[in-house]
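K.L.:
Construct the entire structure; sequences and hints are all you get.
As a plain string of letters, each chain reads:
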Amino acid sequence: MGSSIMNIGVRALAANQGALQTISHNIANVNTPGYSRQSAVLQDVEGQYSGSGYFGKGVEILTVERIYSEFLTRQSAASKSVAAADTARFDTLRRLEEIFPGGPDALGASVSNMLNAFSDIVSAPTDLTARSVVLARADEMAANFRAAAGQLNDLKLGITSQLENSVAAVNSLAGQIAKANEEIARAMGGGHEPNDLLDQRDELISQLNRYVRTSTIAADDGSVGIFVASSHPLVLGTTVSPLSIVKDDFNDSAKSQLAITVAGNTHVINESLLGGGEIAGLLRVQNTDLVDAANLLGRMGLAIATRMNEQQMLGVDLNGNPGAPLFSFNAMPDGLPADTNTGNATLSLAIQSSPTSGTDAFVASDYQLAFSSGSTGTLTRLSDGSSTAFDFGITNPLQIDGVEISISAGAAAAGDRFVLKPFSAVASDLSTAFSSPRGLAMASPIAATAGTTNTGTLALEQLDTLSVPPPPAVTLNFTGPGSYTRSDTGATVYTYTPGQPILYSPALPPNGWSLTLKGTAQAGDSFVVDANPYPMINADNARTMLDLRDALLFDGGPLTDGYASLMAELGIRVQSAESAATVSRHIADNIEQDRSSISGVNLDEEAARMLQYQQAYQASGKMLQVAQNIFDSLLQSLGR
Amino acid sequence: MRVGTANSYDSTISNLNTRQGDLVDLQEKLSAGKRVVRASDDPTGAAQAERAMTRTDRIEVEQRALNLQRNAMAAAEATLGDANSVLQTLRDLVIAAGDGIYNPVNRSSIASQMRGLRDQLFALSNRLDTNGVPLFGGLASALEPFTDLVAGVSFNGLSGQRAASTVAIPSVLDGQAIWMNVPSGNGVFNIALGGANGGRLWTDTGQVLSPTALTGNDYTLSFSVNAATGATTYDIVNASTATTVAAGQAYVDGQDIAFDGLSFTAHGAPADGDTLQLTASTRTDLFAVVDAAIAGVDGAGNDAALSQAIALALTEIDAGMDRLQSARGFAGDLLNRADNIDNRQEAKVLQLAADRSRAEDMDMVQGISDFQNQQTGYDAALRTYAQVQRLSLFNYLG
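For the protein sequence lines, the chains are P and B, in the order given.
So this note's numbering is basically just the index in the first sequence, starting at one, shifted up by 20.
So this note's numbering is basically just the index in the second sequence, starting at one, shifted up by 336.
One should not assume that every hint holds.
[To be verified] Here are some of the chain P residues that sit facing chain B, going by a computed Cβ distance under 10 angstroms:
id, residue
1, A129
2, N136
3, F454
4, R458
[Stated by the list, open to error] Derived SDA-like pairs (lysine to any residue); straight-line CA-CA distance at most 25 angstroms:
id, chain 1, residue 1, chain 2, residue 2
5, P, K538, B, R673
6, P, K538, B, Q661
7, B, K684, P, I592
8, B, K365, P, I592
9, P, K538, B, Q585
10, B, K684, P, R563
11, P, K538, B, F730
[To be verified] Just some of the chain P residues that point at chain B, by a computed CB distance under 8 angstroms:
id, residue
12, A468
13, V594
14, E612
Treat the hints as calculated values from the structure; they're not laboratory data.
For every residue, glycine included, the Cβ atom is placed at its ideal position computed from N, Cα and C.
P.N.:
As structure tokens, this is what we get:
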């Protein structure tokens with residue numbers, strides 16, 4: 021009897037000690053990431069039959085189990101993955117936003133400062149200082165464009181290297197998971213779950229999800245298969261298929277794609293299927309947000325520089341020569357051919373010049389051209405996905421949004437694809453083309469003269485040159501307050517409306533001049549438009565430059581408001597990225613809290629359990645003492 | 337609910353971080369005085385503020401240009417005033433030269449005085465504004481719009497006047513209309529003495545009696561003196577149509593001669609064969625008027641030609657002064673307009689400043705109150721954190 025008590029006591033001591041050991045393991049790992057609390061599962065030992073019934077034989081530890089919810093663990097990893105994607109995008113967009121600040125020192129102000137500077141030339145046409153100021157402002161604006169383009173490029177390079185690092189981390193984590201798979205499979209053979217190894221693997225998967233969202237499928241041997249974008253096996257058992265960052269099939273330097281190499285074959289993973297993870301967030305920023313920002317910037321630079329060059333070339337400089345372009349910049353780059361193209365066509369892009377300048381129709385977007393035959397196919401605007409059919413056989417060059425597309429060499433084959441990036445190269449290379457203030461063509465080659473015997477109150481409001489060289493002289497002879505004839509069209513009578521422009525030729529492209537008169541005409545009044553004999557102290561072209569401030573360029577908005585809308589557009593993106601990041605972080609935090617409420621260690625609980633098992637241990641010790649006393653009593657009675 | 341100890345620390349730390357971040361963010365906005373520090377704080381507000389800034393800059397530039405335009409126009413107005421007093425002095429001299437007590441030598445000296453004034457007048461016409469642009473250049477001109485040649489003064493520019501816009505006034509006046517556009521004679525016709533006149537016949541500059549009866553033709557009046565009776569008669573011939581309008585009309589000194597809607601007064605005693613030439617008025621320039629007056633006065637005796645020249649000069653100088661006065665009025669109008677534009681632009685600047693402020697400035701009262709709230713919240717979070725974390729069962733063991 022006594023030995024039985026002794027046995028039960030020893031067993032109880034061992035079991036309670038085991039339980040205490042588990043508790044101390046829990047307490048020790050209270051701050052270990054990914055640790056799931058463990059508990060010793062106690063079980064009573066089957067009793068022994070005797071004539072008086074079954075006598076219990078004590079307690080034993082069945083196993084040490086880890087307390088966790090597979091569902092919550094998976095959810096926690098997935099939500100952290102989404103949060104990591106949103107946070108990565110928000111952090112990067114925040115930096116993108118810093119490139120386009122508002123206020124008096126920013127790019128937008130430098131554009132309007134430059135145009136405003138022409139006002140001083142209007143006031144003092146021969147003042148070289150006013151001209152130098154314009155040139156300096158133009159230079160400053162160009163420098164601001166270059167700086168913004170440079171910062172965009174730096175940001176892009178930064179993202180690319182961050183992507184490379186993330187992919188390296190993913191590959192390393194995948195290797196560790198494969199190793200854990202191997203160890204777990206081996207350990208499972210022993211019949212008990214290797215709790216700590218499983219925790220470690222779950223933690224590795226959770227870390228992996230921060231970079232790229234994965235799905236897991238458990239195998240019978242205890243290993244798990246890890247899949248990226250639902251279907252690409254990153255880890256299968258102990259085999260790892262490494263990820264890498266590759267260029268897209270147009271070798272577009274502005275974009276990156278994620279690829280996986282399975283058994284020697286590299287597949288590009290569709291960005292939209294990634295679902296989460298830092299890599300997904302960064303790819304989205306680089307392939308969408310940065311590309312859009314660069315297009316917005318490039319469009320602004322190209323439209324402003326082109327418009328001003330056009331205007332400058334309509335004027336006469338202080339040396340009496342026609343104006344030379346004020347800005348120089350890279351031409352639109354050729355279309356990027358896909359790797360899979362079988363034809364050898366080269367697609368050239370240019371700014372539409374006829375019937376009107378394309379600058380006001382620019383849309384900040386890239387385009388994709390897909391040939392379905394050697395000359396036909398569809399042209400897709402990538403910003404909104406709208407597509408149109410084209411046929412080079414009918415229209416050559418193609419015109420879209422102020423851009424002209426032509427096949428400049430070779431021939432296209434069916435199935436060929438091209439990406440067109442008309443605005444990608446401008447801003448990084450925008451600069452002023454000359455530095456002599458005399459070179460600014462501020463005089464108009466055309467001038468108007470009122471008849472010396474005019475009796476009405478006709479006054480000149482505006483005379484714009486629309487083409488050079490100027491057309492032959494035209495005399496407007498007023499036949500009454502509301503009508504006139506022109507010397508070049510004989511007896512045809514036109515209606516005169518004060519303040520309405522009178523065009524040299526209403527046909528497109530605009531040519532000659534546009535004259536706006538104010539006041540009332542009397543019969544016999546006349547106005548002559550002819551070449552300007554006095555270009556020296558004339559600044560009519562500077563006046564027209566000032567009018568460019570109101571030119572409707574950017575989606576119908578005035579030129580000087582272009583920057584404000586660019587800023588706002590990026591601001592809206594940052595704002596929505598911020599709220600997405602906040603929301604997904606809260607969700608991730610909440611799910612992590614739920615997971616932790618099941619698996620996490622609570623020190624108060626452990627303290628209470630510790631007391632519980634400590635008391636049981638002490639009681640078991642007492643049992644041994646009782647057994648000893650019983651045995652001693654027996655020995656004493658025998659010895660008497 | 338069970339609470340994971342490590343997680344409770346994590347989430348408290350994360351909450352504290354968020355609160356601290358909000359506090360720092362608000363503090364940044366408060367210290368900048370702006371509700372919108374980055375475009376993402378309020379994209380619409382940021383764009384509005386940016387647009388308001390662009391517009392304000394533009395008005396600043398327009399105002400600077402307007403000030404220059406106003407200065408130029410004020411200079412033009414003053415120049416026209418100067419020219420008017422020069423012409424007034426000239427007019428006084430012309431009247432003085434008609435006084436019978438002067439002899440040809442006296443009149444030569446008056447003429448040289450007049451030449452000096454004429455040079456002043458010419459200098460005024462070529463005056464420049466502070467930026468070196470001629471005040472009277474018209475729509476376009478050479479650096480010196482008026483050149484004084486032997487043949488007379490010519491205008492090297494394009495006639496015409498630029499209109500004022502809503503934000504600017506022209507800084508240049510039409511020199512052609514002001515200086516080069518004086519009607520000869522009385523504005524309708526011009527009376528000249530025949531070159532071979534031997535008698536003492538002169539006329540005033542005449543007037544229009546009936547505008548509808550005017551023909552616009554040239555006329556010749558020929559006087560004949562009857563040697564026997566001494567009676568003077570005249571014939572009127574329409575030189576353009578070669579028809580006789582009236583013949584053998586008796587001439588009375590100081591009486592009006594009227595025909596075809598016009599009339600003038602002839603004075604003195606014409607000699608036999610003296611003539612008067614009536615021609616339609618043409619456009620001449622102010623300098624030619626003054627030149628003619630000087631030529632008429634220079635070394636002239638007390639004869640009919642002097643009277644005729646003085647009568648013509650006075651009429652034409654008056655017409656020229658009228659031109660200057662009306663241009664001066666126009667300049668004054670423009671200056672007035674400049675003031676109006678100025679007021680309007682100032683009001684616009686204020687409006688834009690208010691717009692900008694509404695779009696991006698911090699409501700300080702609201703901001704500080706928010707800040708206090710957040711500060712209290714952060715303080716409470718710190719305190720409760722410290723207290724809750726002090727609670728542990730282990731404190732009661734052993």
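K.L.:
Now look at each hint and say whether the structure bears it out.
P.N.:
These are the hints, each one checked on the structure:
1. A129: 7 angstroms, holds
2. N136: 4 angstroms, holds
3. F454: Nearest chain B Cβ about 24 angstroms off; hint violated.
4. R458: With Cβ-Cβ at 16 angstroms, over 10 angstroms, it is violated.
5. K538(P) / R673(B): 16 angstroms, holds
6. K538(P) / Q661(B): Holds, at about 23 angstroms.
7. K684(B) / I592(P): 29 angstroms, violated
8. K365(B) / I592(P): Holds, because 19 angstroms separates the two Cα atoms, which is no more than 25 angstroms.
9. K538(P) / Q585(B): Violated, at roughly 52 angstroms.
10. K684(B) / R563(P): Holds, at roughly 22 angstroms.
11. K538(P) / F730(B): Between K538(P) and F730(B) the Cα gap is close to 94 angstroms, so the pair fails against 25 angstroms, i.e. violated.
12. A468: Status holds, d = 6 angstroms.
13. V594: With a closest approach of 3 angstroms, the V594(P) hint holds.
14. E612: The hint holds - E612(P) has a Cβ within 8 angstroms of chain B, the shortest such distance being about 7 angstroms.
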